[in-house]
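Number of protein chains: 2
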Amino acid sequence: MSDYYTIAVDVMGGDFGPRVTVPATLNALKRYPHLSAKLVGHQEAITPFLNKLTADIACRVEVIHAPDTIAMGAKPSQTLRNGQQSSMYKALELVSEHKAEACVSAGNTGALMVLGRYILRTLPGIDRPAIISSVPTVSGHCYMLDLGANVDCSAEHLLQFAIMGSVMTQAVDEIASPRVGLLNIGQEQVKGNEQVKLASRLIEEQGGLNYIGYIEGDDLYSGKADVVVCDGFVGNIALKSSEGLARLISKKFQSSFKKGIYRRILALLASPVLNELKKQMDPSRRNGASLLGLQGIVIKSHGSANKKCFGFALEQAVAEIEQNVPRQICREIEDKLA
Amino acid sequence: MSDYYTIAVDVMGGDFGPRVTVPATLNALKRYPHLSAKLVGHQEAITPFLNKLTADIACRVEVIHAPDTIAMGAKPSQTLRNGQQSSMYKALELVSEHKAEACVSAGNTGALMVLGRYILRTLPGIDRPAIISSVPTVSGHCYMLDLGANVDCSAEHLLQFAIMGSVMTQAVDEIASPRVGLLNIGQEQVKGNEQVKLASRLIEEQGGLNYIGYIEGDDLYSGKADVVVCDGFVGNIALKSSEGLARLISKKFQSSFKKGIYRRILALLASPVLNELKKQMDPSRRNGASLLGLQGIVIKSHGSANKKCFGFALEQAVAEIEQNVPRQICREIEDKLA
Numbered sequence: 001m002s003d004y005y006t007i008a009v010d011v012m013g014g015d016f017g018p019r020v021t022v023p024a025t026l027n028a029l030k031r032y033p034h035l036s037a038k039l040v041g042h043q044e045a046i047t048p049f050l051n052k053l054t055a056d057i058a059c060r061v062e063v064i065h066a067p068d069t070i071a072m073g074a075k076p077s078q079t080l081r082n083g084q085q086s087s088m089y090k091a092l093e094l095v096s097e098h099k100a101e102a103c104v105s106a107g108n109t110g111a112l113m114v115l116g117r118y119i120l121r122t123l124p125g126i127d128r129p130a131i132i133s134s135v136p137t138v139s140g141h142c143y144m145l146d147l148g149a150n151v152d153c154s155a156e157h158l159l160q161f162a163i164m165g166s167v168m169t170q171a172v173d174e175i176a177s178p179r180v181g182l183l184n185i186g187q188e189q190v191k192g193n194e195q196v197k198l199a200s201r202l203i204e205e206q207g208g209l210n211y212i213g214y215i216e217g218d219d220l221y222s223g224k225a226d227v228v229v230c231d232g233f234v235g236n237i238a239l240k241s242s243e244g245l246a247r248l249i250s251k252k253f254q255s256s257f258k259k260g261i262y263r264r265i266l267a268l269l270a271s272p273v274l275n276e277l278k279k280q281m282d283p284s285r286r287n288g289a290s291l292l293g294l295q296g297i298v299i300k301s302h303g304s305a306n307k308k309c310f311g312f313a314l315e316q317a318v319a320e321i322e323q324n325v326p327r328q329i330c331r332e333i334e335d336k337l338a
Numbered sequence: 001m002s003d004y005y006t007i008a009v010d011v012m013g014g015d016f017g018p019r020v021t022v023p024a025t026l027n028a029l030k031r032y033p034h035l036s037a038k039l040v041g042h043q044e045a046i047t048p049f050l051n052k053l054t055a056d057i058a059c060r061v062e063v064i065h066a067p068d069t070i071a072m073g074a075k076p077s078q079t080l081r082n083g084q085q086s087s088m089y090k091a092l093e094l095v096s097e098h099k100a101e102a103c104v105s106a107g108n109t110g111a112l113m114v115l116g117r118y119i120l121r122t123l124p125g126i127d128r129p130a131i132i133s134s135v136p137t138v139s140g141h142c143y144m145l146d147l148g149a150n151v152d153c154s155a156e157h158l159l160q161f162a163i164m165g166s167v168m169t170q171a172v173d174e175i176a177s178p179r180v181g182l183l184n185i186g187q188e189q190v191k192g193n194e195q196v197k198l199a200s201r202l203i204e205e206q207g208g209l210n211y212i213g214y215i216e217g218d219d220l221y222s223g224k225a226d227v228v229v230c231d232g233f234v235g236n237i238a239l240k241s242s243e244g245l246a247r248l249i250s251k252k253f254q255s256s257f258k259k260g261i262y263r264r265i266l267a268l269l270a271s272p273v274l275n276e277l278k279k280q281m282d283p284s285r286r287n288g289a290s291l292l293g294l295q296g297i298v299i300k301s302h303g304s305a306n307k308k309c310f311g312f313a314l315e316q317a318v319a320e321i322e323q324n325v326p327r328q329i330c331r332e333i334e335d336k337l338a
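If you read the sequences in order, they're chains A and B. Quick note: the first sequence, position 234, residue 234 per UniProt numbering, numbers continuous. Quick note: the second sequence, position 246, residue 246 per UniProt numbering, numbers continuous.
Treat the hints with care, as some may be off.
It does not matter which identical chain is used: a pair holds within one copy or between any two.
Pairs of lysine-lysine residues, derived as BS3-like cross-links and limited to a Cα-Cα distance of at most 25 Å, are as follows [stated by the list, open to error]:
{"id": "1", "residue 1": "LYS252", "residue 2": "LYS308"}
{"id": "2", "residue 1": "LYS278", "residue 2": "LYS251"}
{"id": "3", "residue 1": "LYS251", "residue 2": "LYS224"}
{"id": "4", "residue 1": "LYS307", "residue 2": "LYS30"}
{"id": "5", "residue 1": "LYS279", "residue 2": "LYS252"}
{"id": "6", "residue 1": "LYS75", "residue 2": "LYS191"}
{"id": "7", "residue 1": "LYS224", "residue 2": "LYS252"}
{"id": "8", "residue 1": "LYS279", "residue 2": "LYS307"}
Calculated directly from the structure, the hints in this document are not laboratory data.
The whole structure should be built from the sequences, with the hints applied where relevant.
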């Protein structure tokens, strides 16, 4: 791979569109001198944000006109028929045509999944792509997959997820032998549903991974595993339930500190500490979920991402390009499953 | 049902056995003058705790000798063969022989499930019992089922859970028409795995429930539903993941308030508020999960329950006896599924 690389940005995606995605991309271009960007979206919506570019940046930006935008609420299945003129479609196409090394979008997740799979195809040996994202732990973070791309998974799919997750963690976090855990409702061999029990046997037999066995929900955040594997239904519900409880704790906390003047003063005094804590736990700091298993790099940003937060998704894309994650997955799958 | 009722207590179950379970039961007898208790366990382990009883309490206590105890780590399937002399087995038998209206145990959950099903049988029309427990929400609490009894559920099972959960919430919380939600990864009809989509149709067609449709993981704690239905695999992982995140937040919080003397003083000043908050969120305050769908009332306490906490499980038993929850479920199932 050359030292120069290009990201195709679906600038229309997300709640804020070009207002967020274009300035975030320009910032990334400043940070990464070897990076070029193809801004895919409605030309008229993009150009107002391209004033006052320095020559150095301007020469690394290209606008690719796409008249349509896929709505956040659009049915993923319909985007195959109706989405061909959309910014998301065209951004993915740039990757399939080798005109960009990665696509970053804050758009409709389901559509990105469907279009990504259709346009880029899965890697040989991979049946289904999976969504992987980092999750905070006591000691830092771990990666969890799948987070919602696949609601009905077989044991073989879970094995593929385990291999892909391990490869990505190895590449991006530079951990030599990531500890891979399978999410289950107990740690004993007899526990769990049929797919999980079978998947555990497959991962063990496969032998090439640093498999630490089952881990329970409460160990998701304990730092026990570097990669946590589960089906997309369970993964989505585990993460969202946790978010829900965090929100409940925060609400109870706020109302506790509003009872009376003394408590209000305390809250005021404690606010720098609380803000620091909030920052540490902020999900936007781990923005940038990857769609692993495709013949190309696709990064999904939160729809509600602000400029800084969209920047994290771009950083994730750069890290995966630099490590050529798809090629590494391909090799491991050939090596381990052939 | 007579105004007088009896609970069979498996006093040997849990991490602390009779040391916790017997005093907790004696306290409950003081609170509920119509309650009698059969203390099931090893006689020699129980009698030391029965000194100095007032005549009023003494006449409502009976010790039922059971020489064996089911170990917390025992394989549930083996307890059917080897557990017949155990306190758990004998406590459940008292319910099946109509010598007690409910059984309360802090013992091995899997064993309680297997023995409960074998000794008490499921209610007509119910294929599988489910574990239900309350979960804190912004506005109070909701009930969630199943929490781990059934790892592979069909849509019909989820429908039965919905009916049972609705009945219990109606009876115990006196809510006329509990809002029932189905846990899923999105709110649109097309989202979710096959069982959940089919279950949603079944619950809708069934018509008799106040079904509010899908709810996502983050709405578990928002108070949107009074009853949340899911399979035991998902339910267990949702709750445990949330617990894990709460622990992570608490750890980060503590370490944030340990950096420097000023923050330590702040933490000290804030400690009454934090303790109040901790109390509000304390899972032991919602101790007492019910095994719904059996021909009898069975309440599972946390294994680590202390005296006060085991008392909540006894209270739950009293509430379900007073409302005769199994009979109500039976009626609803006949009414709705016949």
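So, going through the hints one by one against the coordinates:
1. In this homomeric assembly, LYS252 and LYS308 come within 25 Å of each other (Cα to Cα) only across copies, at 23 Å, whereas the closest approach inside a single copy is 29 Å.
2. Taking the shortest Cα distances, LYS278 and LYS251 sit within 25 Å of each other both inside one copy (13 Å) and across copies (13 Å).
3. In this assembly of identical chains, LYS251 and LYS224 lie within 25 Å of each other by CA distance solely across copies; the values are 15 Å between and 29 Å within a copy.
4. Proximity of LYS307 to LYS30 under the C-alpha cut-off of 25 Å is restricted to the intra-copy arrangement: shortest distance 14 Å within a copy versus 62 Å between copies.
5. Proximity of LYS279 to LYS252 under the C-alpha cut-off of 25 Å is found in both arrangements, the shortest distances being 19 Å within a copy and 11 Å between copies.
6. Taking identical chains as interchangeable, the C-alpha atoms of LYS75 and LYS191 lie at most 25 Å apart only when they sit on different chains, with a minimum of 10 Å there against 37 Å within one chain.
7. Taking CA atoms no more than 25 Å apart as the test, LYS224 paired with LYS252 passes between copies only; the shortest distance there is 17 Å, against 29 Å inside one copy.
8. Proximity of LYS279 to LYS307 under the C-alpha cut-off of 25 Å is restricted to the intra-copy arrangement: shortest distance 16 Å within a copy versus 39 Å between copies.
Violated hints for the displayed structure: none, as all numbered hints are satisfied.
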